[in-house]
Amino acid sequence: MIINPLDNVEVNLETGHKIALCDIKKDENIIKYGFPIGHATKDIKKGETVHTDNVKTNLGDLLTYTYNPHFAEMKKAAENRYFEGYVRENGDVGIRNDIWIVNTVGCVNKVAEQIAKKTGALTFNHPFGCSQLGGDQLITQKILKGLVNHPNAGGVLVLGLGCENNNIDVFKTVLGDVNEKRVKFLNCQDFDDEVEEGVKLIGELKEYASTFKREKVSVSKLKVGLKCGGSDGYSGITGNPLVGRFSDMLISYGGTSVLTEVPEMFGAETLLMDRCESKEIFDKTVNLINDFKEYFTSHNQVIYENPSPGNKKGGITTLEEKSLGCVQKGGMSKVVDVLDYGDTLSKSGLNLLNGPGNDIVAITNLTAAGAHFILFTTGRGTPVGAPVPTIKVATNSNLAKRKSNWIDFNAGQIIEGRTIDEVAKEFFDFCIEVANGKETKNEINNYREISIFKDGVTL
Numbered sequence: 002m003i004i005n006p007l008d009n010v011e012v013n014l015e016t017g018h019k020i021a022l023c024d025i026k027k028d029e030n031i032i033k034y035g036f037p038i039g040h041a042t043k044d045i046k047k048g049e050t051v052h053t054d055n056v057k058t059n060l061g062d063l064l065t066y067t068y069n070p071h072f073a074e075m076k077k078a079a080e081n082r083y084f085e086g087y088v089r090e091n092g093d094v095g096i097r098n099d100i101w102i103v104n105t106v107g108c109v110n111k112v113a114e115q116i117a118k119k120t121g122a123l124t125f126n127h128p129f130g131c132s133q134l135g136g137d138q139l140i141t142q143k144i145l146k147g148l149v150n151h152p153n154a155g156g157v158l159v160l161g162l163g164c165e166n167n168n169i170d171v172f173k174t175v176l177g178d179v180n181e182k183r184v185k186f187l188n189c190q191d192f193d194d195e196v197e198e199g200v201k202l203i204g205e206l207k208e209y210a211s212t213f214k215r216e217k218v219s220v221s222k223l224k225v226g227l228k229c230g231g232s233d234g235y236s237g238i239t240g241n242p243l244v245g246r247f248s249d250m251l252i253s254y255g256g257t258s259v260l261t262e263v264p265e266m267f268g269a270e271t272l273l274m275d276r277c278e279s280k281e282i283f284d285k286t287v288n289l290i291n292d293f294k295e296y297f298t299s300h301n302q303v304i305y306e307n308p309s310p311g312n313k314k315g316g317i318t319t320l321e322e323k324s325l326g327c328v329q330k331g332g333m334s335k336v337v338d339v340l341d342y343g344d345t346l347s348k349s350g351l352n353l354l355n356g357p358g359n360d361i362v363a364i365t366n367l368t369a370a371g372a373h374f375i376l377f378t379t380g381r382g383t384p385v386g387a388p389v390p391t392i393k394v395a396t397n398s399n400l401a402k403r404k405s406n407w408i409d410f411n412a413g414q415i416i417e418g419r420t421i422d423e424v425a426k427e428f429f430d431f432c433i434e435v436a437n438g439k440e441t442k443n444e445i446n447n448y449r450e451i452s453i454f455k456d457g458v459t460l
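According to the working numbering, the sequence shown is numbered sequentially starting from 2.
Among the hints, erroneous ones may be present.
Computed beta-carbon distance windows for the label pairs [unchecked claim]:
hint, residue 1, residue 2, range
1, Lys-214, Asn-30, 52 to 62 Å
2, Lys-118, Ile-416, 23 to 33 Å
3, Ser-299, Asn-91, 19 to 29 Å
Taking lysine-lysine and the DSSO-like style, the derived pairs with C-alpha atoms no more than 27 Å apart in a straight line are [to be verified]:
hint, residue 1, residue 2
4, Lys-217, Lys-348
5, Lys-314, Lys-335
6, Lys-119, Lys-182
7, Lys-173, Lys-146
8, Lys-57, Lys-207
9, Lys-217, Lys-201
10, Lys-118, Lys-207
11, Lys-214, Lys-439
12, Lys-182, Lys-146
13, Lys-314, Lys-43
14, Lys-426, Lys-402
15, Lys-404, Lys-442
16, Lys-146, Lys-455
17, Lys-57, Lys-33
18, Lys-146, Lys-201
19, Lys-57, Lys-146
20, Lys-146, Lys-118
21, Lys-27, Lys-57
Derived from the structure by calculation, the hints contain no laboratory data.
Owing to the predicted nature of the structure, the values given are computational and were not obtained by experimental measurement.
Glycine residues also receive a C-beta, built at the ideal position from the N, C-alpha and C atoms.
Build the full structure now, drawing on both the sequences and the hints.
So, in structure tokens, the structure goes:
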């Protein structure tokens, strides 16, 4: 039972659920975060819960948008901040110096696991790389290319089978030129003992990676992915605004952040469109939104079939409510670029990245785009982790305490007496520690996985 502070009415209310602050008539808009999150389907009395039994979305299908630029000029930081990173030969900077095994095809997943077990290398299983055609295979190749080129890997073994569609020779045409000391290739069908050969090549990669030592680097080199999963009613009040503060702070130092999960922009997309730095970026954002809506309709699916059951249990009622909370991870900075799925980050500032909201697909997408680490807010809790450090931010203190084996930082303290400015400073310092080598819970638990967006024919 929770006491309604307005009139001391006792309400049977789950954590994170909403209470009407005044009487609301049927068909009247429900306002949260200063924007409508839907309309009432029946009269709602002051003090009553506001949820799926009495609220319906206002959203429709494809919309026409107008560019109305409106953004605050963000101040550059007066002094720079630094972290200890690994400066690669090509000038890229990593925050880890791991050895990665990147599989061209799912058929060699278990071989990769054997090599990893013997060497300590990291491997990320996936089921793709064969029986794919055209653009569907190209998507797989672009994601794998992003992993191979990721600067958190001091060395990479590209492991193939030999007969797959995405065999090493074919993959090389997409991958392009690589540093042969940093990237090695192994076709399993070419060797009597592929595990022995893999162990040998990993040894060479370890020797090369050992030549890199941490050195002082400006935080302007950091690229950070922004993600939420298993949201609750507090996500848009604590965790997501906290990540938004981090994003703005990082950008003030010249750094880069990237926001994805396009379906979770539906209903809040105009807030991002109005912050686009130019008409060109606005047009790209419009295409980003409408193309993803058309993806839904091309499969005869309802565009606004969201939130998930877990979101609803946590207090989120409509997609507008979820999206208005979700986009807060992007802070208040200008949108400087829009990337397609599989593209890599190239512009400092806030970027938008095409891709779905599915947790594992999204963190893989962010990793392949070049994010050094990912800020992952959650109100429900999840153990999932990316190949890069994945900082789990709990939106409420109860989750942070119960699942301390998953959670890295507690944003719930924002509603427990501490200001968001205080917590944001502490959070930024924590993230710098991670960049310096502090292990996140997904690293400690070795929870690292990938999944690739698929939308094509399987042979």
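Do the hints match the structure? See the list:
1. Lys-214 x Asn-30: 52 to 62 Å: 58 Å, holds
2. Lys-118 x Ile-416: 23 to 33 Å: For Lys-118 and Ile-416 the Cβ distance comes to about 44 Å; the hint is violated.
3. Ser-299 x Asn-91: 19 to 29 Å: Since the Cβ atoms of Ser-299 and Asn-91 sit about 39 Å apart, the hinted range of 19 to 29 Å is violated.
4. Lys-217 x Lys-348: Holds. Lys-217 to Lys-348 sits at ~22 Å (cutoff 27 Å).
5. Lys-314 x Lys-335: Violated, because 33 Å separates the two Cα atoms, which is more than 27 Å.
6. Lys-119 x Lys-182: 21 Å, holds
7. Lys-173 x Lys-146: Holds - the C-alpha atoms of Lys-146 and Lys-173 are around 9 Å apart, at most 27 Å.
8. Lys-57 x Lys-207: Violated - the C-alpha atoms of Lys-207 and Lys-57 are around 56 Å apart, more than 27 Å.
9. Lys-217 x Lys-201: Status violated; Cα separation ~32 Å.
10. Lys-118 x Lys-207: 15 Å, holds
11. Lys-214 x Lys-439: 16 Å, holds
12. Lys-182 x Lys-146: 17 Å, holds
13. Lys-314 x Lys-43: 21 Å, holds
14. Lys-426 x Lys-402: 21 Å, holds
15. Lys-404 x Lys-442: Holds, at about 11 Å.
16. Lys-146 x Lys-455: 16 Å, holds
17. Lys-57 x Lys-33: Distance of about 14 Å is within 27 Å: holds.
18. Lys-146 x Lys-201: Cα-Cα ~23 Å, so holds.
19. Lys-57 x Lys-146: Violated, because 42 Å separates the two Cα atoms, which is more than 27 Å.
20. Lys-146 x Lys-118: 24 Å, holds
21. Lys-27 x Lys-57: Holds - the C-alpha atoms of Lys-57 and Lys-27 are around 11 Å apart, at most 27 Å.
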